[in-house]
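Given the structure of chain W, go ahead and fit chains S, E and L onto it with the hints provided.
Listed here are the chains, written in short residue letters.
Protein chains: 4
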Amino acid sequence: MTAVKKIAVLTSGGDSQGMNAAVRAVVRSALYFGLEVYGIQRGYQGLLNSDIFPMDLRSVGDIIQRGGTVLQSARCKEFMTPEGQQKGAQILRDHGIDGLVVIGGDGSYQGANKLSKLGIKTMGLPGTIDNDISYTDYTIGFDTAVSIVVDAINKLRDTMSSHERSSIVEVMGRHCGDIALHAGLASGAETILVPEVEYSLEEVSERMKQNFAHGKRHSIIIVAEGAGSGDLVAQEVLKSCPSYEPRVTVLGHIQRGGTPTAFDRNLASRLGDFAVRKLIEGESDKACGIIKGELVTTDIDKVVNTKKPFNMELYELALRLSQ
Amino acid sequence: MTAVKKIAVLTSGGDSQGMNAAVRAVVRSALYFGLEVYGIQRGYQGLLNSDIFPMDLRSVGDIIQRGGTVLQSARCKEFMTPEGQQKGAQILRDHGIDGLVVIGGDGSYQGANKLSKLGIKTMGLPGTIDNDISYTDYTIGFDTAVSIVVDAINKLRDTMSSHERSSIVEVMGRHCGDIALHAGLASGAETILVPEVEYSLEEVSERMKQNFAHGKRHSIIIVAEGAGSGDLVAQEVLKSCPSYEPRVTVLGHIQRGGTPTAFDRNLASRLGDFAVRKLIEGESDKACGIIKGELVTTDIDKVVNTKKPFNMELYELALRLSQ
Amino acid sequence: MTAVKKIAVLTSGGDSQGMNAAVRAVVRSALYFGLEVYGIQRGYQGLLNSDIFPMDLRSVGDIIQRGGTVLQSARCKEFMTPEGQQKGAQILRDHGIDGLVVIGGDGSYQGANKLSKLGIKTMGLPGTIDNDISYTDYTIGFDTAVSIVVDAINKLRDTMSSHERSSIVEVMGRHCGDIALHAGLASGAETILVPEVEYSLEEVSERMKQNFAHGKRHSIIIVAEGAGSGDLVAQEVLKSCPSYEPRVTVLGHIQRGGTPTAFDRNLASRLGDFAVRKLIEGESDKACGIIKGELVTTDIDKVVNTKKPFNMELYELALRLSQ
Amino acid sequence: MTAVKKIAVLTSGGDSQGMNAAVRAVVRSALYFGLEVYGIQRGYQGLLNSDIFPMDLRSVGDIIQRGGTVLQSARCKEFMTPEGQQKGAQILRDHGIDGLVVIGGDGSYQGANKLSKLGIKTMGLPGTIDNDISYTDYTIGFDTAVSIVVDAINKLRDTMSSHERSSIVEVMGRHCGDIALHAGLASGAETILVPEVEYSLEEVSERMKQNFAHGKRHSIIIVAEGAGSGDLVAQEVLKSCPSYEPRVTVLGHIQRGGTPTAFDRNLASRLGDFAVRKLIEGESDKACGIIKGELVTTDIDKVVNTKKPFNMELYELALRLSQ
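Residue numbers (full-length UniProt numbering), protein chains in the order written: chain W, 1 to 323; chain S, 1 to 323; chain E, 1 to 323; chain L, 1 to 323.
In isolation and in its complexed conformation, chain W is listed as follows:
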């Protein structure tokens, strides 16, 4: 006896690499365990438009390596209202769908939370590059985004060494500095500016001066967008070290694209399968995550209302190693 018989899957919010691998895992696990499975196109907007279609094994063939999401994504104001949510639940019921897997970020989770209160069993999967969801160590897409940043900095390094300049790289992360932190550690950035840690631009400039004095041929500053803009940082640095001519690179949406890393594909595959199994076991209104290597579920309410703690230990390590 399974707690659900027909489930649907949608992607919502900003897309992230690995969403397709998660969709594939949801579909194939569901079929493996004898469920029927449907796709919903364009997130909650598609749900309200009844843009719902049956999926089989071949629907998710050859997508594990693709960036973006074949189910597409869109914003939906209507679904933020109680009327919209009731309409959505009704449409699912009309299709005989009793379980829903939502892949996305915070806003997507809140939608799942509402639907669960209206009788649909729901599971949330953390699909966002920002790693800004609590009760999971990693979100789907984060490792790929970090890889893209590190690859871009590799390229900047060549030209920095040739000109002995410094580089300021603005990366994604409005409320969470994890992309900046992990990419900064991996690329040996001297300075990492994140929303979670206060900083003084004067100290940043001072540190740069000292690094050059100690023979560092180039200097990398990574700024999470939530901690400031690359241009502003450059202006400040220029004031106190006019000869450094810092170059600003804003990486933008390329951080969201590209084929997912093996890490993200495997994380997405494990989480997609796990969500299906938890629905079958009767759980609902839960966010799936990975904590210290173990797959776990947590109440969506708790996830949505908890700020993810920042890894100060890693931050200090990054600074210690980039002397």
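Quick caveat, the hints were computed from the structure, so don't treat them as lab data.
Please note that the accuracy of each hint is not assured.
Since the list gives no way to pick out one identical chain from another, each pair is judged satisfied if it fits inside one copy or across any two copies.
To be verified - Below, simulated DSS-like cross-link-like pairs (lysine-lysine); rule was C-alpha separation at most 30 angstroms, straight line:
#1 Lys209 to Lys77
#2 Lys77 to Lys239
#3 Lys307 to Lys292
#4 Lys292 to Lys308
#5 Lys87 to Lys117
#6 Lys292 to Lys302
#7 Lys307 to Lys77
#8 Lys302 to Lys117
#9 Lys87 to Lys5
#10 Lys6 to Lys117
#11 Lys308 to Lys117
#12 Lys302 to Lys77
Showing chains S, E and L alone in chain W's frame:
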């Protein structure tokens, strides 16, 4: 008071991506904590040749992104004898070196074990692409090797779809199927042959037949070298499905090269720093690893004498999702 | 007045990167100039099966970046007979198709030649990674294949430097050494073995010895498959320099895959458009190519019966620069 | 008898990928032909500082694959004065250097021109990503820069498809739209804005509207920096199509970095060798280039005073194929 004052670092055995990031972390952490630090060129052979030189902050500048190892590696039969080991310990003592970080695999660990019994404090770091070291979830280089395999399979996929053929990919892993397992899950391989799981080539052929019958346009078989050769698998498949014309690709040493992934650089950075701190705290004869996200030390004896368990759950997931 | 009104396009022989870009260019140029355009699935086999379908602007959307060929490819013995060729011409006539663009290698060109004699206007586009077609400086896919080889050698370099070993890399090219030549020049290979130039393995070994004596830390030998097998070269080298432990890498079919380079996409786009314009102008039984930067047509007979000359100047340059 | 006996090589202006391959070719060809060869660090500034050192075969080992320039580059106001130029020529004479290869762009060429008038035989090599040097079809670094842009657009494509948005990509090129043109053709951009072709933003917006109306799921606009800023284009598009939410990506200095493509390495190798041979033959005050596949020299005066013509045919092809 620190338990060591002067430490050295060497890389030994087959090289792996991220070894340089580990060397950088050892050197910079050691300097940060007030130690003197030396590099030993070409592993234990270099030790016996007194190929030892002081390292400073700049010695490890601009290497975090490089594959291979700037300290180079070599095999050394002499160091496998008690005389060689005593000579090595004496050379270290002559240099005033009381601590040693060894980055490598099983054989490298055994050398560290011997030296510790001769009065040198030692720490082992898992540097090998094969992920075949116990008491650590990941070795340094493993994530990069998996990425290279997955990237190669992405390329094979294009041409397989065009010709509707199947592909057999032989990857590294003599005693441990982890590269095959993780790359297989990430690339949606239909069949994953590893040394840890018995298999019948007849069943493999049968599964391929069924996949084609169910509309799969191409079929990927990954074979860890320890489980068989790609060519042998191809011959068997050809016998029972003469029309499939499987193509064999042996990925070889490209799996060891290339810039390390962000994951490997960060793992190496954390482990390198950790090894230094543990030496300072007085630990010795230990292997450093990461288990469920936490850095840990384990007695080298225990590590060397324990076979790493195979993740059957992940293996079954890979098969479940590649229907 | 255009000489053709309805044209078709097919890909044949081994696939190569950029074939999709060529198909896209053929379709969109044809539509732009007011023609109707059809796709034929699976090469000449698909033609004989009447696997023919109309294509519009959207049929070729989002394919310019994909490796392989969306039209797929297959071998077809039946089409090598006069009966098969007449059947093919008849099927085209039954569909009202008066022009055909064939993308492929030598065998594909011969098919086009036969069809032109049966009243179908034909154009051949050089789609093969081997660069083994005469009257064109570059074939579609060649630049990408060379890039893949160079990228693989970059990875091998890391590990060679770490171990001070030599590497033997076997690449594609049965009758034409161009992949070996261009990848060898680009990666600084010390030895390049191609079918067009006789060589002695003794001299190869001797050269390697000298290189090591002069301080080269690693040595790369590239072998085109038409010039010998990597394994055989390794055995010879081992005989005279037993300590070098050469490592053999056979790159295989990954050379055919992956997203095409910008160079190949643009070459394919230009040639696809050119072929359509030449059909409209009334030309037939021609192979399109690029010679010294200019797009040209040449009689297929002449192309098929001329061996491509080898660029000895470039070969000597490669050796001169890899001392 | 060679016209020069001791030559030097420097890189100047903005760095570009492939400069190292060119330096390697200059050094190794010079040695091969029996010349002595020197490197000058940091361009003309280094010359004035007598930062000159002898180079041998090993000085350029293992650099062919590196981005940037091992000789570094810097701006130098002093060398723009007659006094500076005389000082530079004198320093070269003092070292017994009678020939100089300068790798860089327009400004670098002008320096070579001045030195040649002061008795030093000079050759210029086109080292710049912008392809803005006349009398050569390609500059060293251009192919790599285009590849980086195309790779970035590949990533943007994923996320654009998921959200059905349009993307505006600003690329390098102040006076020359070639990066925009070649990357635009290769990535199927609907709109390509270059300094050489006037455009109206209204028409651009109109074209976008039509594309969406005809079913294009995403739309790419490439803007060369010399033709306008990505942000300004976005504002205009937003005015007439408020629902498209175009996303702007400014690629910046990552276009200058990364390992050079095989194409750039081979172009650089050929040109470096060619420059040395021309110096030996007694030519001076010339820029080396490649025109229709042939290596050529042209008077520097002529190169510096001629604006490179824009390839309108390719531009029209790009638009024709991106309907």
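Here is how each hint holds up against the structure:
1. In this assembly of identical chains, the alpha carbons of lysine 209 and lysine 77 lie at most 30 angstroms apart only when taken from different copies (24 angstroms versus 49 angstroms within one copy).
2. Proximity of lysine 77 to lysine 239 under the C-alpha cut-off of 30 angstroms is restricted to the inter-copy arrangement: shortest distance 22 angstroms between copies versus 44 angstroms within a copy.
3. In this homomeric assembly, lysine 307 and lysine 292 come within 30 angstroms of each other (Cα to Cα) both inside a single copy, at 18 angstroms, and across copies, at 22 angstroms.
4. In this assembly of identical chains, the alpha carbons of lysine 292 and lysine 308 lie at most 30 angstroms apart whether taken from the same copy (15 angstroms) or from different copies (19 angstroms).
5. For the identical chains of this complex, lysine 87 and lysine 117 are intra-copy neighbours only, at 13 angstroms inside a copy versus 65 angstroms across copies, given an alpha-carbon limit of 30 angstroms.
6. Proximity of lysine 292 and lysine 302 under a CA criterion of 30 angstroms is satisfied in both settings, with 19 angstroms inside one chain copy and 23 angstroms between copies.
7. Taking the closest pair of Cα atoms, lysine 307 and lysine 77 come within 30 angstroms of each other only inside a single copy of the chain (24 angstroms); across copies the shortest separation is 53 angstroms, beyond that limit.
8. Taking CA atoms no more than 30 angstroms apart as the test, lysine 302 paired with lysine 117 passes inside one copy only; the shortest distance there is 15 angstroms, against 51 angstroms between copies.
9. In this assembly of identical chains, the alpha carbons of lysine 87 and lysine 5 lie at most 30 angstroms apart only when taken from the same copy (21 angstroms versus 52 angstroms across copies).
10. Proximity of lysine 6 to lysine 117 under the C-alpha cut-off of 30 angstroms is restricted to the intra-copy arrangement: shortest distance 18 angstroms within a copy versus 59 angstroms between copies.
11. For the homomeric pair lysine 308 and lysine 117, the shortest alpha-carbon distance inside one copy (25 angstroms) is at most 30 angstroms, but the shortest distance between copies (45 angstroms) is not.
12. Taking the shortest Cα distances, lysine 302 and lysine 77 sit within 30 angstroms of each other inside one copy (23 angstroms), while across copies they are farther apart (58 angstroms).
In summary, this structure violates none of the numbered hints.
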